[in-house]
Amino acid sequence: MPEQQLLDAEKGQAPVIGPGHTFATVTDKISSVVLTQRQPLMWFATLSTAFLLTMLLLLAVTVLFAKGTGIWGINMPVAWGFAITNFVWWIGIGHAGTLISAILLLLNQPWRNSINRFAEAMTIFAVACAGLFPILHLGRPWLFYWLIPYPNTMGVQPQFRSPLVWDVFAVTTYATVSVLFWFVGLLPDLATLRDRSQTRLGQMFYGMLAMGWRGSARHWRQHEVASLLLAGLATPLVLSVHTVVSFDFTIAILPGWHSTIFPPYFVAGAIYSGFAMVLVLAIPLRAAYGLGDLITMRHLDNSAKVMLGTGLIVAYSYLMEAFMAWYSGVGVEKFLMLNRMTGPYAEQFWMLVSCNIVIIQLLWFRKVRQNTLALFGISIVVLIGMWLERYVIIVTSLHRDFLPSSWGMFHPTRWDWATYTGTIGLFLLLFFLFVRLLPMISIFEVRTLLPEARVKEETRA
Amino acid sequence: MSMTRRGFIVLSAAAASALSGAGGVQEPEARYRMAEHWWAMTIDIDKCIGCGNCVKACAEENQVPEGHFRTWVERYTVEAGDYEHPRVESPQGGKNGFPPAAQSTAKTFFVPKLCNHCEHSPCVQVCPVGATFESPDGVVLVDEKYCIGCRYCVQACPYGCRYIHPEKHTVDKCSLCYHRITKGLTTACCEACPTGARQLADLKNPKDPVHEFLRTHKVQVLKPHMATGSKVFYKDLDGAVR
Numbered sequence: 001m002p003e004q005q006l007l008d009a010e011k012g013q014a015p016v017i018g019p020g021h022t023f024a025t026v027t028d029k030i031s032s033v034v035l036t037q038r039q040p041l042m043w044f045a046t047l048s049t050a051f052l053l054t055m056l057l058l059l060a061v062t063v064l065f066a067k068g069t070g071i072w073g074i075n076m077p078v079a080w081g082f083a084i085t086n087f088v089w090w091i092g093i094g095h096a097g098t099l100i101s102a103i104l105l106l107l108n109q110p111w112r113n114s115i116n117r118f119a120e121a122m123t124i125f126a127v128a129c130a131g132l133f134p135i136l137h138l139g140r141p142w143l144f145y146w147l148i149p150y151p152n153t154m155g156v157q158p159q160f161r162s163p164l165v166w167d168v169f170a171v172t173t174y175a176t177v178s179v180l181f182w183f184v185g186l187l188p189d190l191a192t193l194r195d196r197s198q199t200r201l202g203q204m205f206y207g208m209l210a211m212g213w214r215g216s217a218r219h220w221r222q223h224e225v226a227s228l229l230l231a232g233l234a235t236p237l238v239l240s241v242h243t244v245v246s247f248d249f250t251i252a253i254l255p256g257w258h259s260t261i262f263p264p265y266f267v268a269g270a271i272y273s274g275f276a277m278v279l280v281l282a283i284p285l286r287a288a289y290g291l292g293d294l295i296t297m298r299h300l301d302n303s304a305k306v307m308l309g310t311g312l313i314v315a316y317s318y319l320m321e322a323f324m325a326w327y328s329g330v331g332v333e334k335f336l337m338l339n340r341m342t343g344p345y346a347e348q349f350w351m352l353v354s355c356n357i358v359i360i361q362l363l364w365f366r367k368v369r370q371n372t373l374a375l376f377g378i379s380i381v382v383l384i385g386m387w388l389e390r391y392v393i394i395v396t397s398l399h400r401d402f403l404p405s406s407w408g409m410f411h412p413t414r415w416d417w418a419t420y421t422g423t424i425g426l427f428l429l430l431f432f433l434f435v436r437l438l439p440m441i442s443i444f445e446v447r448t449l450l451p452e453a454r455v456k457e458e459t460r461a
Numbered sequence: 001m002s003m004t005r006r007g008f009i010v011l012s013a014a015a016a017s018a019l020s021g022a023g024g025v026q027e028p029e030a031r032y033r034m035a036e037h038w039w040a041m042t043i044d045i046d047k048c049i050g051c052g053n054c055v056k057a058c059a060e061e062n063q064v065p066e067g068h069f070r071t072w073v074e075r076y077t078v079e080a081g082d083y084e085h086p087r088v089e090s091p092q093g094g095k096n097g098f099p100p101a102a103q104s105t106a107k108t109f110f111v112p113k114l115c116n117h118c119e120h121s122p123c124v125q126v127c128p129v130g131a132t133f134e135s136p137d138g139v140v141l142v143d144e145k146y147c148i149g150c151r152y153c154v155q156a157c158p159y160g161c162r163y164i165h166p167e168k169h170t171v172d173k174c175s176l177c178y179h180r181i182t183k184g185l186t187t188a189c190c191e192a193c194p195t196g197a198r199q200l201a202d203l204k205n206p207k208d209p210v211h212e213f214l215r216t217h218k219v220q221v222l223k224p225h226m227a228t229g230s231k232v233f234y235k236d237l238d239g240a241v242r
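So the protein lines, in turn, are chains E and C.
Counted the way our numbering counts, the first sequence spans residues 1 to 461.
Counted the way our numbering counts, the second sequence spans residues 1 to 242.
Isolated chain C, as found in the complex (with noise of 0.2 angstroms):
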């Protein structure tokens, strides 16, 4: 067949357009937008089994060194009657799950531990330079390029989930591996969790399970006399924990 010149440029200008159309521009992807959210966890006290999944996966995620946790599960021990002096312990953080625990009228239970994104939180006041801070969604961020170090922020915590990175020498603490929220995925500790005893919630969702969850349960924050505005939700947590 032949093909006059005409006919050539203009199959060449409609093969180029498709190609370009094709590699170039993509369908944009629905964008982040931060004020459309505010994320919290819930934890079901009652399904964790404390396998230790969640620290394994948080650790593996987010390059956490050995001998450090952004989240780790601490197994409580309640003797009856005795609820002002619980026993607890987090071998590993609770990385490589627990030693049987012993035979005893005692309670058990395991409490997963992890930043709480405060809305009103201590150490975002005490971070001199700023590298501490909260993002409009609700998660509470340090920017290692900021952090000069000072450890104000690991003292003020009253939930101490922060450490000083021990290469970076900078602090470190549980992202809420906005990473992944905010690719639309849910953390890792949460993808882990064999039980779903773990639950990334968005509160600013109405279509999210946390407001079905909140609803039906009675969930609470640690350590509320603190007013610090804790986004982690326990269900059932024992008056017990610290």
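Chain E on its own, in the form it takes in the complex (with noise of 0.2 angstroms):
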């Protein structure tokens, strides 16, 4: 039996590969998915519906471009709605991507190298939806460019105290590092898929990409130390573009969003909601391709424990901010929780505490973890939690504002939800072109964690 494979039964978890991979054999399976193999009747069915919707998002915005916000159901006092939920929601799935890719790099962890490559394709993409939103629910989206500093004959700059220009730095600085990053871990397999192309176009396009790749020691040694400078500038975005993001809520002085907790409990709920949608991609892309050997459950074992600490963390962050509403005694604070709790809101509070703290519990059962469809069916009800928890956030925090005489309540239009449900789509259609285009489980890391591997660098030594 392999030491891995051995070292792995000592501890009693499930190995990272499965048994009887050669180098040969990792490559031939992952780079199949792409040039050789037949797509599944998943891939078609999730494509089209991806594409459908990706339509239906276009149509959203044509029409919200023509008549303005006025579609949505924000109004006074509401004036921020589904546009700022969604765009916390995927910024923070983003978030997993970074952490698996970079942080578990860095700690050297070799459980991502199964997972990495698409975990941060779907940090790319989830960053792409998330960076519409912004600009879909300004008044005068033409005008968005105003956000950016550059050099212009007015000597106009944008102004710098406000935490949505901090925004603009912190999510195109995390979408710039984490595209580098993916692009560069992608060098080496985009070269093994160039070789292995049968068809002129296939190689040339994946000739294009890998950049002149040749595998030489140089080569690999320029890839190593742009990997590890790429994984360290990526390892603190993960903790501020999250943070900036809660900035958007604590600058302002709004009860529900004026409290200093909230930077690490985003955080949390970022890498919380993005290893949910790992899982939520995973899971059935491990079943259609045949992938369990790569994907094992060790992979989706690690990946539920990390749900249920962040996760715990969340819950911890709720019950602070209960706690500190009634121990601060501030009438207004006190008067916001209870409102969340017992207001015209209460549902959607109460589900999101039901989503995010107490079905995760189940995670504390090895069976659960186990139990891929039961992994499945959690990881969705966390996305929704996850995502309610946003819209408590904001529209509870708005819709009882400081003047009684101005309260009013959020109702979403069908445009809300069109735009919503669009950018799943946009997403899971580059997601699942990615898919078919690119190896979606890095080839050469996945054959480091090969016995052959391990033993050739050994007597190296």
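Among the hints, a few may not be true.
[Unchecked claim] List time: in silico EDC-like cross-link candidates among lysine to aspartate or glutamate, alpha-carbon distance up to 20 angstroms:
{"#": "1", "chain 1": "C", "residue 1": "Lys-223", "chain 2": "E", "residue 2": "Glu-333"}
{"#": "2", "chain 1": "C", "residue 1": "Lys-56", "chain 2": "C", "residue 2": "Glu-66"}
{"#": "3", "chain 1": "C", "residue 1": "Lys-183", "chain 2": "C", "residue 2": "Glu-60"}
{"#": "4", "chain 1": "E", "residue 1": "Lys-29", "chain 2": "E", "residue 2": "Glu-452"}
{"#": "5", "chain 1": "E", "residue 1": "Lys-67", "chain 2": "C", "residue 2": "Glu-167"}
{"#": "6", "chain 1": "C", "residue 1": "Lys-107", "chain 2": "C", "residue 2": "Glu-84"}
{"#": "7", "chain 1": "C", "residue 1": "Lys-223", "chain 2": "C", "residue 2": "Glu-60"}
{"#": "8", "chain 1": "C", "residue 1": "Lys-223", "chain 2": "C", "residue 2": "Glu-66"}
{"#": "9", "chain 1": "E", "residue 1": "Lys-334", "chain 2": "C", "residue 2": "Asp-82"}
{"#": "10", "chain 1": "C", "residue 1": "Lys-218", "chain 2": "C", "residue 2": "Asp-238"}
{"#": "11", "chain 1": "E", "residue 1": "Lys-334", "chain 2": "E", "residue 2": "Glu-321"}
{"#": "12", "chain 1": "E", "residue 1": "Lys-67", "chain 2": "C", "residue 2": "Glu-66"}
{"#": "13", "chain 1": "C", "residue 1": "Lys-168", "chain 2": "C", "residue 2": "Asp-44"}
{"#": "14", "chain 1": "C", "residue 1": "Lys-107", "chain 2": "C", "residue 2": "Glu-134"}
{"#": "15", "chain 1": "C", "residue 1": "Lys-168", "chain 2": "C", "residue 2": "Asp-236"}
{"#": "16", "chain 1": "E", "residue 1": "Lys-67", "chain 2": "C", "residue 2": "Asp-238"}
{"#": "17", "chain 1": "E", "residue 1": "Lys-334", "chain 2": "C", "residue 2": "Asp-44"}
{"#": "18", "chain 1": "C", "residue 1": "Lys-47", "chain 2": "C", "residue 2": "Glu-167"}
Rather than coming from a laboratory, the hints here were simulated on the basis of the structure.
These two chains come separately, so use the hints to put the complex back together.
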């Protein structure tokens, strides 16, 4: 039995790679998904649904640009509704990808190798969806570039004290580093696809993307340095991006928003929802493409454990939020918390508590963590719960604002729903195109998990 | 009478000179210097009768769209011993007055509201493009040409004074009738107030009656705990007012 698997058996954990694999079989298996294998029915079904939803998004955006944000349910006093909820939700989802690819790389966690590629792709597509909303929600979206500092004859610059400007920097930096990290990581595999592709088009496509990768020792050394540097850059971004997003709320002196607990609470929530999305994508993928030996139960189990850990931090944050509302002695804070629990949005509040705190307690049980169907279901529930969390934070804090005379309710319209579901379609469309065109699992990194790689390294040493 | 050529030229030149003086450059009007003013407003709660004239005048003067308000009036009904739960009404922003209050022992009074033109404005800080700014004379203004309509200031304002203009898609709020006060006029709401409950005040002008008013009356600002540096001073503001 290979050494790696013996060690795993001793720990009582599933291996990070199934038995019987060699360098060649790993390369064959992953590259065949792109080059030779016929796509499963699931791929066609998801892609067509995603395409339809993307068309719905285009329609919703066209109507939005033609008529303005009045087509949404936002009004006074709830002037931020679905758009900002969706923005925070999508940005949060992206976090797991960076955590897996960067932080786990620096922490030398071998289990990341099989899931980092598609998790990082998930990050990029989630950030792309998130990036749409701050632009779409503007009254005059065609002027969005005024948020970016650029030299102009008027000498006008953004107002740097505004958290929205911090958001621009945080999110664009995050997107740039994520894309670079993902692309650098892809290079050796793109070269593999270039060399294995049977068609001229494939050779040209992957050849151009591989940027002349030849796999020389120099290439590998530079690749490793670049990967580590980018991982070093991406690591603080995991913490900073959602911290800055939370500043959008904490800087406004509004009860329910103006809280110091938001940054860690948001970061934990982001990783929580991100891992839920990783599982939602990984579980059907491994089933449809027969990748159970590469994305093993170990990966699912570890992801579930991270979900449980971050979910508990989120639960603690909810408790602290309620405690501080009472302990602070501030009437409006107390009112707001009671209003969340018993007011017109109480259903959503208790639903999010059930989704985010109660249901994940099942993950304490190994049997549940080993059951892919249960994990998939729990992950979906967590994604719904985390969306509701942002919705409740935004809407309940606004609908009962400081002025009792202007209290109101938020009623989402069909265009709110169309835009939201449309971005889910866009996300899935991009993701499933990625699955079809690029290796969804890192070939060269999975090969390092094999005993062969380890033996050679030790021999050389 | 005959006129010599010389006389004609001299007379023409004199006439041209006189005409140019009359129709050309006028005596310059006293120029408005921002640094010499620090605008505020005083509101005497006891004098407000809730007629809504101020709301109407503001809407007329500033073309405020229907259903939105740069200023509005709230009626508070506070039951004896229940100061924590006042009933607050503002039908149509109080534009058309209020229906008669129910006969009860409750305390009832009107509170006109508007942008507080804060010295440390939460809205100014959060505006990402600097469209909301504080002028040197203490008025918080919005440059609608720069506003991108992100609504952040709408959320940040603790006084609920801002709204998104349904046609311009940019933010709008009380400008303290800046176009009027810089010409030496008072605001439309103050002009229309039949009881003088609202008074424009220039805190930098030593002759302004506001100094006497502030010295001789008990005045409060809304939400003083937020330290926004509000410049709308209410006389005899009830503790129940939010």
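- Which hints, by number, does the structure contradict? 7, 8, 13, 14, 15, 16, 17, 18
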